[in-house]
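*Asks:* For reference, the chains in residue letters:
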Amino acid sequence: MDTLDVHIVEFYMACPHFSVFDATIEDVKRIKKAFDSRDIKLCCTTLEQCTYPINIATEDDAIRERSIAELEKTIEFTAILGCPYTQVLGGRGSYDLPEEDAWKRSVESFMRLAEKGRQCGVTMVIEEASWFTTNTVYTTPLTRNILDEVNSPFFKAMLDNCATETAREDFIECLKILKDDMRHIHFADGNPGGHFIPGEGNLPLSKYLGALDECGYTGALTFELYNRKYELDPHLYMTKCFDYIRDIFR
Amino acid sequence: MQKININQISAMNISYQFFSFEYFLDSMVTIGCKNIDIWTGYPHFLVDDDYETKARKIRDQCDSVGINVRNITPKVIGWPLNIADKSEKIRGNAIRYIKRCIDAAEILGAPSLQLVPGTGLYDEPVEDAWKLSRESLSILSEYALNRKKQLALEAIQILESNLVGNKSQLKKMVEEVNSPALGAVVDTTHMEKNGETLDEYFDILGEKIKRVHLNESNQLPWGEGNNPLNVYISQLNRHKYNGPITIEICSKVHYLNPHNAMKKTFDYVIDALARQI
Chain D
71 MDTLDVHIVE
81 FYMACPHFSV
91 FDATIEDVKR
101 IKKAFDSRDI
111 KLCCTTLEQC
121 TYPINIATED
131 DAIRERSIAE
141 LEKTIEFTAI
151 LGCPYTQVLG
161 GRGSYDLPEE
171 DAWKRSVESF
181 MRLAEKGRQC
191 GVTMVIEEAS
201 WFTTNTVYTT
211 PLTRNILDEV
221 NSPFFKAMLD
231 NCATETARED
241 FIECLKILKD
251 DMRHIHFADG
261 NPGGHFIPGE
271 GNLPLSKYLG
281 ALDECGYTGA
291 LTFELYNRKY
301 ELDPHLYMTK
311 CFDYIRDIFR
Chain P
6 MQKININQIS
16 AMNISYQFFS
26 FEYFLDSMVT
36 IGCKNIDIWT
46 GYPHFLVDDD
56 YETKARKIRD
66 QCDSVGINVR
76 NITPKVIGWP
86 LNIADKSEKI
96 RGNAIRYIKR
106 CIDAAEILGA
116 PSLQLVPGTG
126 LYDEPVEDAW
136 KLSRESLSIL
146 SEYALNRKKQ
156 LALEAIQILE
166 SNLVGNKSQL
176 KKMVEEVNSP
186 ALGAVVDTTH
196 MEKNGETLDE
206 YFDILGEKIK
216 RVHLNESNQL
226 PWGEGNNPLN
236 VYISQLNRHK
246 YNGPITIEIC
256 SKVHYLNPHN
266 AMKKTFDYVI
276 DALARQI
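Heads up: the protein sequence lines correspond to chains D and P, in order. Just so you know, we're using my numbering here: the first sequence kicks off at 71 and counts up by one. Just so you know, we're using my numbering here: the second sequence kicks off at 6 and counts up by one.
Just so you know, the hints here were simulated from the structure itself, not pulled from any lab data.
If you want the footprint, here are the derived chain D segments under chain P, 3+ residues with CB under 8 Å:
1. 72–86
2. 117–124
3. 127–136
4. 164–173
5. 297–311
Even glycine gets a Cβ: it sits at the ideal position worked out from N, Cα and C.
Let's have the full structure, built from the sequences with the hints guiding it.
*Replies:* What follows is the structure, given as structure tokens:
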């Protein structure tokens, strides 16, 4: 990030960089120092909730409680890091059991977490994920529904343009559905999924940027290269993302 | 002439992770698969503090439908459980977790466990992480030896580990640990990706091979990729392999309909076994 002269990052909380399960407040302070010394601010924290056994909507009470506890810890850490937002997913029930029950558990969990958010001054932003990740919040209308049901200033939403395209949604329509509740963006190229670097997919990236401008979005936009093909040379591919965006600003 | 027997074959629950464990067992019964390899992932079996209660429940469920747990595959990849991590805390967690899996295997009646090598950070020296992995594997082998459990290490792909990714590295690690409790797994998906053959694995690892993951390319259901199952079966027979075999499907699109995908795989394997000469 130093080399790229980038001073806003979204902090993905997962091993080996940072394990919320194991971290202490001292660990968080150490990380904050590392960011501060490079003049880096955090726009959002993102606890790994896809591959880790974290699921706020599961029918297993013990796992659900532990998941809520992990997210509460994440919210506390996010506050210490001076970061306004933390990303959350809706969780899932077993796919052979009723979806409505998973939804109810998800709403209940978020209500509890919103209280934690209020205490710490951290706002959750919920991201719709694909059907391969969740059977609760997997479209923008569902995002709207859960925002309305939880109904808290500490529970807002974000959009991932690859996720909306994968769900066959129109990005501009999604912005209209979420309005001011849309607080954060994950940005990538795709076919329509894939989370590629700009140019490797076929999504209308400049159209999205135009739409964000149009609705007066002033929040952060994260290049989320959520694709293993980039993991063996992450710096190179992140450089390409910033070359793309700097070119647009020029 | 030896032939591979259907009783050598276990199916893994990893592709049923969007469904309940009960659904998985029902599916096994319907398919007619008697042996299972339990991947200890969420939501089926998190090996937490209460693992003994959970393991007993799973054992009862399996017993009641006549299914045998033949192997345990501790879920570590993608979780903060890395036996080669430079953080003593993370490494310690991983070792403790796998030891618990060894104890769970005893409750479940499983004679063996499959392990992966862990990984180092890709911008740091491989040798340092290699030493940590070897040290952890030695500790675990000692633990398993005392409990009469067989461990088998798998070579995995470069996006999961920078330590053990091919037959030579696998042989090197197994030899360096040098414990009767630690053998090797060969997975035909990873093997093909490396351009290696079963013959080569048997030539260099021989009787150290304690398990075969008999998988289609990209760990798809059998018949949907291009790996040559008949060739594998004849090579296993030629090397007189009569040990355990696991079939795995690790392809996310198939996780939404795991029963059909596993039925297809199991039927395909049965068909190939019927045609072995």
